[in-house]
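Each chain, written out:
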Amino acid sequence: MEPYLQTVSLCRYYRRGPHEVKALDNVSVAVNKGEYLALLGSSGSGKTTLLNLLAGLDTPTSGTVALEGSPLTGMSRRELSAYRARKVGMIFQSFNLISHYTALQNVEAALLFNGTPPAERRRASAAMLESLGLADRMTHRPGDLSGGEQQRVAVARAVVKRPEILFADEPTGNLDYDNSRSIAGLLQSLNAGGLTVVLVTHNHEMAQEYAHRTVRMQYGRVTGTDLAGATGGAL
Amino acid sequence: MTFRDLVILAAGNLWRMKLRTTLTISGVLIAITAFVAMVSFGAGNQAYVEKQFNKLGLFSTMQVFVEKKGQETDSAPAPKLDAAALERLSAIPGVNLVYPYDAMMVKVRLGDSVVSTKAQALPAAAVRTKLFSGLVAGIAFSGDSSRQAIVSDDLLHRAGITRPDSAVGMSIIVSVRVSTLDSALAHVLTDRGVSLFDRAKKVHVDSLLHAPYRSKVLRSEAGEVVRRFFTGFTDAQATISDTLTVCGVRQEGRMGRLRIEDVIMPVASAKRFKATGFGGSPIEIITAMSNGSIFGSTDEGESRTYSQVTLDFDPKVLYTTIRDSVEKMGFKTFSFAAEFAEIQRVFVYLDLALGVVGLIALLTASLGIANTMIMSINERRREIGVLKSLGADESDIRYLFLVESGAIGVLGTLGGILAGWTITRIVSAIAQRYMKGEGIPPIDLFALPVWLVLIALAFGIGVSLLAGFYPAARAARIDPVAALRND
Ligand SMILES: Nc1ncnc2c1ncn2[C@@H]1O[C@H](COP(=O)(O)OP(=O)(O)OP(=O)(O)O)[C@@H](O)[C@H]1O
Ligand SMILES: [Mg+2]
Chain S
578 MEPYLQTVSL
588 CRYYRRGPHE
598 VKALDNVSVA
608 VNKGEYLALL
618 GSSGSGKTTL
628 LNLLAGLDTP
638 TSGTVALEGS
648 PLTGMSRREL
658 SAYRARKVGM
668 IFQSFNLISH
678 YTALQNVEAA
688 LLFNGTPPAE
698 RRRASAAMLE
708 SLGLADRMTH
718 RPGDLSGGEQ
728 QRVAVARAVV
738 KRPEILFADE
748 PTGNLDYDNS
758 RSIAGLLQSL
768 NAGGLTVVLV
778 THNHEMAQEY
788 AHRTVRMQYG
798 RVTGTDLAGA
808 TGGAL
Chain V
201 MTFRDLVILA
211 AGNLWRMKLR
221 TTLTISGVLI
231 AITAFVAMVS
241 FGAGNQAYVE
251 KQFNKLGLFS
261 TMQVFVEKKG
271 QETDSAPAPK
281 LDAAALERLS
291 AIPGVNLVYP
301 YDAMMVKVRL
311 GDSVVSTKAQ
321 ALPAAAVRTK
331 LFSGLVAGIA
341 FSGDSSRQAI
351 VSDDLLHRAG
361 ITRPDSAVGM
371 SIIVSVRVST
381 LDSALAHVLT
391 DRGVSLFDRA
401 KKVHVDSLLH
411 APYRSKVLRS
421 EAGEVVRRFF
431 TGFTDAQATI
441 SDTLTVCGVR
451 QEGRMGRLRI
461 EDVIMPVASA
471 KRFKATGFGG
481 SPIEIITAMS
491 NGSIFGSTDE
501 GESRTYSQVT
511 LDFDPKVLYT
521 TIRDSVEKMG
531 FKTFSFAAEF
541 AEIQRVFVYL
551 DLALGVVGLI
561 ALLTASLGIA
571 NTMIMSINER
581 RREIGVLKSL
591 GADESDIRYL
601 FLVESGAIGV
611 LGTLGGILAG
621 WTITRIVSAI
631 AQRYMKGEGI
641 PPIDLFALPV
651 WLVLIALAFG
661 IGVSLLAGFY
671 PAARAARIDP
681 VAALRND
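These protein sequence lines are chains S and V, in that order.
Residues 578 to 812, numbered by my numbering, are exactly what the first sequence covers, in order.
Residues 201 to 687, numbered by my numbering, are exactly what the second sequence covers, in order.
Accuracy of the hints is not assured; some may be wrong.
[What the hints assert, rightly or not] Okay, derived cross-link-like pairs now, EDC-like style, lysine to aspartate or glutamate, Cα gap no bigger than 20 Å in a straight line:
(1) LYS532/V x GLU542/V
(2) LYS664/S x GLU594/V
(3) LYS599/S x ASP679/V
(4) LYS610/S x GLU741/S
(5) LYS255/V x ASP514/V
(6) LYS280/V x GLU527/V
Because the hints were derived from the structure by calculation, they are not lab data.
Could you build the full structure based on these sequences and the hints that come with them?
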């Protein structure tokens, strides 16, 4: 079966004066539909860079990213926007909530660009926040929410549009054990519902526990792949 | 993202930055206020002039005259403004009335004074047109043969009459020095204001039944007639007088090529004064008698020509179409509509000059908008990055910023139009009170025509959008990856 997303010899270099930073160097990975993939690597290994390229937010220095066989590099800006608007959910390493929007408005923003009617946007966003236990926090601004609450708003924003693929960049990085567990559980249940998940983490145990497959990265390169995890085995 | 979404997002953002938004809007508001108030002044004066023109029906009046000698083209000799030409002019669609300029030198006795001036004959229908509607006292004469006259206030002034209404009903004796056969004929009818009618009144009608009395009267009257005829015939410079009643007083004012004389008489009343201009020499009269033209010339015959004819036409008809028809006949025209087009040009320059000042202010305000928007971009890099990650296209971001600058423009412009209007009302009220105090008829110095509102809207919003273009393009180009990196 054709992978949902596939990179071939993907490179992303940053030029900083005389130096060239190889944030990604010749990375070839595939993400299958319905898969729960973990990206494991130390800080600076290029995990976030890879996610941005997979989401079509960044353009590679060389190599290709293909979405169900068609290269993202061949798409127009508008097509890339539509891809993100309809198919991609993203949870950022830092919450990246819009500070002057309320929790509800932050979630609603995810539905602005995929043609959802305003009333439905409000309804779906409120329902999503409610299901994450934030029913009485909807009109709060991010600054008035705890870290865990902010992260849950970020999760709600990422999944409210019912994306095909979720990129989660260390969603539990700043959270305590209980909050981490609940987010991890949420991702797992979404995956069980058919959502493809790409999870970035430093956390071995978490990768082991939830992912079908773990890709290990170092210095912008893929250093190994483990078929592991609770449910075991790749699709 | 729908326009509604854009407006909601933009409004939220502008509301969040209340102070900054208010200051930026104020810039636009002040500029538009200045623009509206100043151009409104130009427009007000223009409207005033236009109203005056309209009141006099000057837009529906055209003067037709014969091309002067020397300007004639060789191919087509200038046609004459004769009865046939008048006929053809009145046949032009849209022309209501055609009347010639038919004037003569007269001596006028009014009250105790005698004044030399010019008189002209006008049909009663012409006197009823708007052109002559502005009488300061009295009314227009009732018919073409009524023995009435309209005089100018200037004539009254020269005759030592200060109050126009006191002149209405006064007798006016109009005398013409004629030098033609008809002076002789006319002499039979009138002599220094003593008409035959007056003489007839002295005859005892009943006594006419008695033959001796009748023959005596006839003899004396016939002798009188013959005497008068020959007096007029031989003394070609004889004077014809007629007594009319002043029925109306009009305000003096000669406008362009439109000549209005001090005394206006009905056509039939003026007929008896008609002179076609034999010199004083009896030889001319005898020549005219021998070739038969002498009687034709005294009459409203085919041969009579005029130097100028006035057309009164339907105001709904464009003056240019009338003008074209008239000029096709080979005549020259003068119309106030054409003149007004010139005046309007002057007003366009005035409006432009006033408008430019407002536009400079608007340009300054636009820098304020650009500055506000650029500041806004720098503060909202993360928001822009997030929106892009959520699927916003560059165009969405661009529109968002354009709607924000546009909203500043709309609010500033609407406020400016309102403020400008308020200011002009206040200034106008003060000015009118002053005019009243000075005894000047109060006029409104300002006008806010629809076109000014539309131009103000177009400029205010247009300039605001233009000011937003660069910031919007910059916002749209923000790299989401860089904007989202945690720092
Ligand atoms: N805009 C940039 N300019 C220069 N270097 C960059 C830029 N963005 C990323 N890098 C470099 O690329 C490398 C990969 O960065 P990336 O953010 O992908 O790492 P990461 O694996 O997500 O690390 P972390 O676990 O700390 O988030 C790093 O060495 C980083 O310094
Ligand atoms: Mg990272």
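Now the hints, each set against the structure:
Among the hinted pairs, LYS532/V with GLU542/V is consistent with the structure: their alpha-carbon atoms are about 18 Å apart, no more than 20 Å. Of the pairs offered as hints, the one joining LYS664/S and GLU594/V holds, with about 18 Å between alpha carbons and a cut-off of 20 Å not exceeded. Note on LYS599/S and ASP679/V: the hinted pairing holds, with a Cα-Cα distance of about 19 Å set against a maximum of 20 Å. Annotation: proposed proximity of LYS610/S to GLU741/S holds, straight-line Cα distance about 8 Å (limit 20 Å).
Proximity of LYS255/V to ASP514/V is assessed by CA-CA distance (about 14 Å); at most 20 Å being required, the pair is judged to hold. At most 20 Å may separate the alpha-carbon atoms for a hinted pair to count; LYS280/V and GLU527/V meet this at roughly 13 Å.
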